[in-house]
Amino acid sequence: MTLELAVAIAMFAGLVAYALFGGADFGSGFFDLTAGGTRAGAEVRRQVDKSIGPVWEANHVWLIYVFVMAWTAFPTAFAAVMGTLIIPLFLALLGIVLRGSSFAFRKYAETLGQARVFGFLFATSSVAAPFFLGTVGGAIASGRVPYAGRGDVWSSWLNPTSLLCGVVAVGTCAFLAGVFLTADAGRADRSGLAETLRRRTLLVGVATGVVVLGALVPLHEDAPTLWAGLSGRALPLVALSAAAGLGTLVLLVRRRAALARLTAVTAVGAVVVGWGVAQYPWLLVDQVRISEAAGAPATLQGLLVAVALAVLLVVPAMAYLYRITQTESWTR
Amino acid sequence: MITQVIPTIAEQVALLAGQATDPAGLHPAREQMALSLGWHIVLACFGVAFPTIIFAMHWRGIRRQDADALLLAKRWSKVSAVLFAIGAVSGTVLSFEMGLLWPGLMGTYGDVLGLPFAFEGLAFFLEAIFIGLYLYGWGRMPPRQHLLMLIPMAITGVVGTFCVLAVNAWMNNPTGFKLVDGKVTDVDPWAAMFNDGVWLQFAHMWLAAFMLAGFAVAAVYAAGMLRGRTDRRHRLGFLVPFAFASVAALSQPLVGHLLGSRLAETQPAKLAAFELATETESPSPLRLGGILVDGEVRYSIDIPVLGSIIARNSFTKPVEGLETIPEEDRPPVNITHLSFQTMIAIGTALAGLAALFWIARRRGRDLLRRRWFLRAAVLAGPLAFVALEAGWIATEVGRQPWVVYGYLRTADAAGENSGLWWLFGATLVVYSLMTAGAVVVLRSMARRWREGAEDLPSPYGPQLETGADR
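For the protein sequence lines, the chains are A and B, in the order given.
Its first residue numbered 694, the first sequence is counted upward by one per residue in my numbering.
Its first residue numbered 95, the second sequence is counted upward by one per residue in my numbering.
Incorrect hints may have been included.
To be verified - Below, in silico cross-link-like pairs of lysine to aspartate or glutamate (EDC-like), each with a Cα-Cα straight-line distance of 16 Å or less: (1) B:Lys411 - B:Asp388; (2) B:Lys411 - B:Glu373; (3) B:Lys172 - A:Asp882; (4) B:Lys411 - B:Glu359; (5) A:Lys743 - A:Asp882; (6) B:Lys272 - B:Asp282; (7) A:Lys743 - B:Glu373; (8) B:Lys172 - A:Asp742; (9) B:Lys168 - B:Asp549.
Derived from the structure by calculation, the hints contain no laboratory data.
Computed from a prediction, not measured in an experiment: that's the story for all the values here.
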């Protein structure tokens, strides 16, 4: 394996982690938003607060990891993405800023009025941010980000593939979050809440599945390179994702939310990995290959040192955080 | 302040009017960077220094069975939850901005300067993980184990500061690459990271973080004591952060001096602007205050020889004057000079305040009973903030017109996107809102604590659950 490819894989692994953990985090905003009025929704909101409180900051560092890897290893491509996709990236950033700050503010808000304002901001921006990040992914995957010069700042992300990717991102985030929230509520013996969440998650899952199936039609026309990859080399991953997604729905119907967490993570993880496999060897589809875009070899080696340190230090710490927050005494 | 603002505005106007060749993205990118960095640096200081300060308090609480100390540590951890949240998101903003605002810098030098950012990313990761564990660990972890969660945060504060300052020091002392026919070759990211300027710049900023966080927290309790709340908890809440800030404030002049004495060699233009040296004089005077109007120095107080002594460690060596530097390579002088001296003046005053307090205490006099001292301690919080900002303005504006000193001009790093003004406007609005939100929430937390509430449950709907909700 070449040095560039190793770094690209390490970067992409960060993206997968962000899609899963950051995604579940964003998705909780969807349930917050649809929780209902102050009285009816209080229980759901409290669960959201408890579930993501200790982990949300760590979950979002994955994005910074991906960014840093991108601009260090593939500087020109990074500048190209930033230049062309400035608008959706800015809107995603706005969402990230608003959701993080208002989540913290809501937790310590004094009055119900304040909590409602912050809560509304948290919930809406949590839904908006993955949408815009999805459109960015769609723009890259459909070959709309030129390596040199600047693509159109509007049509690069306002197109069928980008918009569908945005919707799918929102759906998968909500689906992941729903499964985790349902499991959390179940473990805390809040069976009424778990039941509500379970039903909503099933709805989200079915809706997302329909969108994904529907998305295949425009993808064929609009993003031929990606389509060729998804229906060729990445087909096993797509099939795995579909099977795991269906399996999650079945497990939810049978009220096995704890186990459904595994299949849900598999479903989302497989489709994101599938995207990466499908667009290989392109870094920016149809524009520049991974091997052509890489920066200085010494820097790539340095980055692999950073990645090794991440595996040694960050991964165990994160595993500890996830494990301890899923224990009995942290759940109640 | 007024004397500082007027020349700034004049310079900005001249800048706007004079250089029509600048790319459209330059001016908004500058303002955007100044706003978002200037805002984030305050929270970064808390991120770096507050865990250590809380550790000292928490440790005292456990070791001496001190209930007041434990209570303070617990409250401070809730305050840090709010501060770290907005610090994390404003840090994310910066990672977006590097490519958004400075395509010429990141596109050309991204692989030279990027590595420290990768390590800073790791530090940020660990910090975010352990803040989660610490915040939610109250009452859920064995006390000693819980206390230990702060240690990784203190360490990542050091590493993170080092990494970020490594990039800034590299911009001041570019190394680890060669420029051949406009192409960057022979990249050695480790040499770039461990450049000559990094250690002192790191030390300077690390101490500054403790000054800012320490004086700011101490100021809150000094204000409480001024209002008659002179209980033990207030004294403790003042003393611990003030002690950290004192050590930092008293060490800072030494580090600052060492850092400054490198400039004659490394960045003569910056030194000339710091010292307001228009001409090379041997020996050079120390020029207090003063501004440059039409190339003439006005309203300054000159102390003979002292400039050479401080800047060059010599009775005779001159500070190289601006006249030796080509006009197109000179930084904006007035803002650099005045910011630099503002930082020095405040830093000296803060070190003096700290020395005064501890000397008086040794002699058995308790200045916490003196209203003048408490007033000064309250003022020290905002002053530390001003000094921090002034220092960054001085070093950043003083490096202009370069972004990578001697290699890449700031104008060449910017893009052609005039739409960045929209970004700046939106950032201004969002950051104002975020500041207001933080102030409202933190003040209401303090008020509820004063009124005897401790757990501060979230007010969602009717109280579904009673009891502690951490």
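_Index of numbered hints that the structure contradicts, given in increasing order_ = The structure conflicts with hints 1, 3 and 7, although it agrees with all the remaining ones.
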